[in-house]
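*Asks:* Residue numbers (our numbering), protein chains in the order written: chain A, 1 to 157; chain B, 1 to 157; chain C, 1 to 412; chain D, 1 to 412.
Think of the hints as simulated: they come from the structure by calculation, not from any bench. Do not rely on the hints blindly, as some may be mistaken.
[To be verified] Straight-line alpha carbon distances no greater than 30 Å define the calculated DSS-like cross-link-like pairs of lysine-lysine that follow:
| id | chain 1 | residue 1 | chain 2 | residue 2 |
| --- | --- | --- | --- | --- |
| 1 | B | K5 | D | K111 |
| 2 | C | K67 | B | K90 |
| 3 | B | K90 | B | K142 |
| 4 | D | K295 | D | K16 |
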Amino acid sequence: MALSKLENLYRQMILEHATHPHHHGSLKKADQDIELRNPTCGDVLTLQVELKDGKVADIAFSGSGCTISQASASMMTDEVVGKTPEQIGKMVVAFSEMVTGNESDDVDELLGDAAILAGVAQFPARIKCATLAWKAIYQAVKADDKKSTVGFLRHDE
Amino acid sequence: MALSKLENLYRQMILEHATHPHHHGSLKKADQDIELRNPTCGDVLTLQVELKDGKVADIAFSGSGCTISQASASMMTDEVVGKTPEQIGKMVVAFSEMVTGNESDDVDELLGDAAILAGVAQFPARIKCATLAWKAIYQAVKADDKKSTVGFLRHDE
Amino acid sequence: MGKKMNSYAEDFPILKQKVNDEQLVYLDNAATAQKPRAVIEAITDYYYHDNANVHRGVHTLAERATKDFEDVRSKVAHFINAPSKDEVIYTKGTTEGLNWVAASYGQTHVKAGDEIVISYMEHHSNLVPWQQLAHRTGAKLKYISLQPDGQLDMSSVRQEITDKTAIVALAHASNVLGVVNPLAEISRIAHEHGAIMVADGAQSTPHMKIDVQELGVDFFAFSGHKLMAPTGIGILWGKSELLDEMPPLEFGGEMIDWVQLQETTFKKAPWKFEGGTQNIAGVVGLGAAIDYLEKIGMDNVQKQERAVVQAVLPELQQIEGLTIYGPQDAQKRTGVISFNLDNLHPHDVATALDMEGVAIRAGHHCAQPLMEYLNVPATARASFYLYNTIEDGQRLVEAIKATKEFFKNGTI
Amino acid sequence: MGKKMNSYAEDFPILKQKVNDEQLVYLDNAATAQKPRAVIEAITDYYYHDNANVHRGVHTLAERATKDFEDVRSKVAHFINAPSKDEVIYTKGTTEGLNWVAASYGQTHVKAGDEIVISYMEHHSNLVPWQQLAHRTGAKLKYISLQPDGQLDMSSVRQEITDKTAIVALAHASNVLGVVNPLAEISRIAHEHGAIMVADGAQSTPHMKIDVQELGVDFFAFSGHKLMAPTGIGILWGKSELLDEMPPLEFGGEMIDWVQLQETTFKKAPWKFEGGTQNIAGVVGLGAAIDYLEKIGMDNVQKQERAVVQAVLPELQQIEGLTIYGPQDAQKRTGVISFNLDNLHPHDVATALDMEGVAIRAGHHCAQPLMEYLNVPATARASFYLYNTIEDGQRLVEAIKATKEFFKNGTI
Ligand SMILES: Cc1ncc(COP(=O)(O)O)c(C=O)c1O
Ligand SMILES: Cc1ncc(COP(=O)(O)O)c(C=O)c1O
Numbered sequence: 001m002a003l004s005k006l007e008n009l010y011r012q013m014i015l016e017h018a019t020h021p022h023h024h025g026s027l028k029k030a031d032q033d034i035e036l037r038n039p040t041c042g043d044v045l046t047l048q049v050e051l052k053d054g055k056v057a058d059i060a061f062s063g064s065g066c067t068i069s070q071a072s073a074s075m076m077t078d079e080v081v082g083k084t085p086e087q088i089g090k091m092v093v094a095f096s097e098m099v100t101g102n103e104s105d106d107v108d109e110l111l112g113d114a115a116i117l118a119g120v121a122q123f124p125a126r127i128k129c130a131t132l133a134w135k136a137i138y139q140a141v142k143a144d145d146k147k148s149t150v151g152f153l154r155h156d157e
Numbered sequence: 001m002a003l004s005k006l007e008n009l010y011r012q013m014i015l016e017h018a019t020h021p022h023h024h025g026s027l028k029k030a031d032q033d034i035e036l037r038n039p040t041c042g043d044v045l046t047l048q049v050e051l052k053d054g055k056v057a058d059i060a061f062s063g064s065g066c067t068i069s070q071a072s073a074s075m076m077t078d079e080v081v082g083k084t085p086e087q088i089g090k091m092v093v094a095f096s097e098m099v100t101g102n103e104s105d106d107v108d109e110l111l112g113d114a115a116i117l118a119g120v121a122q123f124p125a126r127i128k129c130a131t132l133a134w135k136a137i138y139q140a141v142k143a144d145d146k147k148s149t150v151g152f153l154r155h156d157e
Numbered sequence: 001m002g003k004k005m006n007s008y009a010e011d012f013p014i015l016k017q018k019v020n021d022e023q024l025v026y027l028d029n030a031a032t033a034q035k036p037r038a039v040i041e042a043i044t045d046y047y048y049h050d051n052a053n054v055h056r057g058v059h060t061l062a063e064r065a066t067k068d069f070e071d072v073r074s075k076v077a078h079f080i081n082a083p084s085k086d087e088v089i090y091t092k093g094t095t096e097g098l099n100w101v102a103a104s105y106g107q108t109h110v111k112a113g114d115e116i117v118i119s120y121m122e123h124h125s126n127l128v129p130w131q132q133l134a135h136r137t138g139a140k141l142k143y144i145s146l147q148p149d150g151q152l153d154m155s156s157v158r159q160e161i162t163d164k165t166a167i168v169a170l171a172h173a174s175n176v177l178g179v180v181n182p183l184a185e186i187s188r189i190a191h192e193h194g195a196i197m198v199a200d201g202a203q204s205t206p207h208m209k210i211d212v213q214e215l216g217v218d219f220f221a222f223s224g225h226k227l228m229a230p231t232g233i234g235i236l237w238g239k240s241e242l243l244d245e246m247p248p249l250e251f252g253g254e255m256i257d258w259v260q261l262q263e264t265t266f267k268k269a270p271w272k273f274e275g276g277t278q279n280i281a282g283v284v285g286l287g288a289a290i291d292y293l294e295k296i297g298m299d300n301v302q303k304q305e306r307a308v309v310q311a312v313l314p315e316l317q318q319i320e321g322l323t324i325y326g327p328q329d330a331q332k333r334t335g336v337i338s339f340n341l342d343n344l345h346p347h348d349v350a351t352a353l354d355m356e357g358v359a360i361r362a363g364h365h366c367a368q369p370l371m372e373y374l375n376v377p378a379t380a381r382a383s384f385y386l387y388n389t390i391e392d393g394q395r396l397v398e399a400i401k402a403t404k405e406f407f408k409n410g411t412i
Numbered sequence: 001m002g003k004k005m006n007s008y009a010e011d012f013p014i015l016k017q018k019v020n021d022e023q024l025v026y027l028d029n030a031a032t033a034q035k036p037r038a039v040i041e042a043i044t045d046y047y048y049h050d051n052a053n054v055h056r057g058v059h060t061l062a063e064r065a066t067k068d069f070e071d072v073r074s075k076v077a078h079f080i081n082a083p084s085k086d087e088v089i090y091t092k093g094t095t096e097g098l099n100w101v102a103a104s105y106g107q108t109h110v111k112a113g114d115e116i117v118i119s120y121m122e123h124h125s126n127l128v129p130w131q132q133l134a135h136r137t138g139a140k141l142k143y144i145s146l147q148p149d150g151q152l153d154m155s156s157v158r159q160e161i162t163d164k165t166a167i168v169a170l171a172h173a174s175n176v177l178g179v180v181n182p183l184a185e186i187s188r189i190a191h192e193h194g195a196i197m198v199a200d201g202a203q204s205t206p207h208m209k210i211d212v213q214e215l216g217v218d219f220f221a222f223s224g225h226k227l228m229a230p231t232g233i234g235i236l237w238g239k240s241e242l243l244d245e246m247p248p249l250e251f252g253g254e255m256i257d258w259v260q261l262q263e264t265t266f267k268k269a270p271w272k273f274e275g276g277t278q279n280i281a282g283v284v285g286l287g288a289a290i291d292y293l294e295k296i297g298m299d300n301v302q303k304q305e306r307a308v309v310q311a312v313l314p315e316l317q318q319i320e321g322l323t324i325y326g327p328q329d330a331q332k333r334t335g336v337i338s339f340n341l342d343n344l345h346p347h348d349v350a351t352a353l354d355m356e357g358v359a360i361r362a363g364h365h366c367a368q369p370l371m372e373y374l375n376v377p378a379t380a381r382a383s384f385y386l387y388n389t390i391e392d393g394q395r396l397v398e399a400i401k402a403t404k405e406f407f408k409n410g411t412i
């Protein structure tokens, strides 16, 4: 049956992250506090980031969204802790490329567990769900960056 | 050659009326003074009417327009002198019907020479040229009539 | 009732395709309808034989195009029982029609302190234009509440509409809840208070006989594309007394009577609203869509859809964990069925159904205030049209069950 | 140059028909262009395979339609060399695009005492919106004069554009005089005075390579239907800094970011301007038209048309009693040729030509102030496009001669 194909998208690890998201909640002390929406589906994501020594020291997210957006947010928060804005910038680009079908060789290394979201590339309508959290962290750590070079960040749809 | 068909439209009498229009000019004393335009082709028609004893006593028109609109105006002015508004109303309806292809048996009687414009029915794009003057006389003698029953009078195109 | 209830699907070539290796079941009709062969061929015929710009031309093609263009206006007038074809204005769609009423009639008739009354179930296209008009004029925007089953609360109608009300604007049929609002009655109430009544007919016109005079409304807007006609064409109907008072909004082209360097006079309605070259092929396609629907008869269209809903709704209601919004009685519904499954996000449900070949929509359906009112972030929505069969409904039910099964090990 | 110069006509099925028993020669291209088979088939393919509403959908058809819709935006950006696809807004046509600039940018940036500068050759669509904006804001509308041969008088340009000028709005190419205006130079002058430059590209975009950056303009509007694309679709391009400042005009549908009961936030440009369901099939058709033209190359399109005009113009000039408006030098012209014959009314000429199978237009061409300026009630107009051949031009010449002969016994 056709739902078997769904397993490419909803891998076990993704379902687990969505059901029991990491870093879910809020921070007492945040340097960045960002709310992003995916108007198409009604998703809301609030992201808080604490920076120390030019690195992400702590992070938390909350909001409502689908399995993919929740899992992606959970995985993203796992991966960016301890990273510099520059490193995060590279991760966001790699993630953006990966979910639009241009997977590079080093995604596992760059993105860790989040690389499992590569399957989203086969579900174009869901790309926006996967990228919402990455869009948020990108804005949080590079808030002064006007014209982004990351494709999905410029498309507001 | 295809222009021979043109003779159905540009009959000799029509060309004569257009070249030497009757009642062309203006009245010293007019009871009605109406300017109508055919915005599609830039035609302007000014019509002046003098009424006496409930009948059209004198009439004059001026303005610029194509052969058909000038000839039609000239013929119309010939036919309406001495007629009551009621009679004119009937003539206008008959003319409107005739040029849209619904010629009745009594057009010759009702419209006199103007019946020769029946050929316009084969040239739908030119109906508006032929009816402009009739629209004007209709408005001149029935200016209080709100919703006209004459088809072409309601269509502003 | 036989199994193969109708053969209308035969007229819609797009339905004969596989999507994700499954036979397509298109249940996103509230978003846009598919087109019968007759409509698509009317468009190609137009481009292959008659294409020309309208009104201005003396030559044969221009005359043919103009005749087609104006004949469809009469056809539309007949379709919605408008008193005159001169009250039928071509627009881009419902959104443009409603915006024009707000920007032209509203801007010139609504003043500070006036009230504009809409409801919690409105589509953004019948909400934001009024909200922004209220901002611009200092008027107050008020909302009619809903009963628990999603129907308009008539006591709230009577309470919100007052002598201060200038405009009441309501959906004729909801794009989420599947209810039809009693506009004839509400028009009477609005008129008693000296307000005008604007109807958003986007979701009703495709599915039932419309009689603007019986509804008693002052303006009625709908979209061609939800009615089997092409995209980019819609209709705004308005009472001629009101249209006559309204200033045009888009200047240029055939809407003009006479232009001088510093002054311009405009044509009468409907032409004064139709600035620039219109969507002529869209108009031709709209005419073909109306012909197609009228040949079947709008009452039969409605019967056919109701039969499908009556068969499907009870089966949906039996799925454990499935919440259906709006009336639970199939007699009180249109073919729009919004739902949520367990605590799955509707987006996940829609993706799963798409894998089964069943095309539905998920999201806020351009009705965010309604989502808040229902206290859900979003819903899934299946919506039926003439060409859908009871088997299509069955496929929906099966696909939902399979989705439930797939996700039973839990997500959010 | 061989006799059968091109075989493009083969791509346009509509041209293969008889009109009044004569083979059709379509020379009304400035009003609207015919569509190549590739464009018509793109529309039917869309309706037969992919039709769905865009942006909002999760299912496969919706995703396909959305991709098509957004891909064409990039295609258009490339076609006019726009820096970003986000500056490309879908409209109904040129008229809507220019009206939006006037109603949104103009309304929020022009104040009493400011000046708006246009020219005597403007189409009503690039005249009345500015005239009405001037009325609403108390600004002054000024006109640039023309040289005797119909070209813009550059000394008048320098005189009319002053430090009070807020907006300069000009046709890139005239729909009557066949001239192309030197927009790059005028943009510089406008910018020196702190004014913005709006270009009406309706008559240039179909016939020559457009580079909005080279032209230096701030807004550029054109229509699909004159460019072999469907009716009901057009483009407004604007610089993103300006688009960002502009309030949206039509509310509802996908232009929205977030709607609350009393407040709404909007998406960014271009989406904030695209209220309601768009003309999706029209967009797909526009993409196909651009593909068709780019495959040939816009420079070749221009060359082809110029060759025809170069062959036809001298022959027209030799007809006694024929007045041709605009430059008499074929090198300085587009394929638009307006004329009058003796003291015949152009309407009579157009009817006579139609009898010969030659479709031209007669009237004021939505340029009444220009007619006054030229001191004629109306003109006849033949306009050529890619698929027209030298033989088509010959047919025009012969038909005009026959008309002259027919009416030689005199009319008005
Ligand atoms: C120069 C010019 N500007 C504007 C327009 C208006 O274009 P549209 O009718 O497609 O809006 C036209 C076409 O009629 C034109 O020739
Ligand atoms: C109830 C309702 N109103 C208005 C609209 C807007 O219609 P359109 O997008 O065709 O302008 C829709 C469709 O999305 C609708 O369902």
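*Asks:* Would you mind marking each hint as holding or not holding in the structure?
*Replies:* Hints, verified against the model:
1. With a C-alpha separation of about 57 Å, the suggested pair K5 of chain B and K111 of chain D falls outside the 30 Å cut-off, and the hint is violated.
2. Proposed proximity of K67 of chain C and K90 of chain B is supported: the alpha carbons are some 26 Å apart, at most 30 Å.
3. Between K90 of chain B and K142 of chain B, the direct Cα distance comes to roughly 12 Å. Compliance with the 30 Å bound is thereby established for this hinted pair.
4. Proposed proximity of K295 of chain D and K16 of chain D is supported: the alpha carbons are some 23 Å apart, at most 30 Å.
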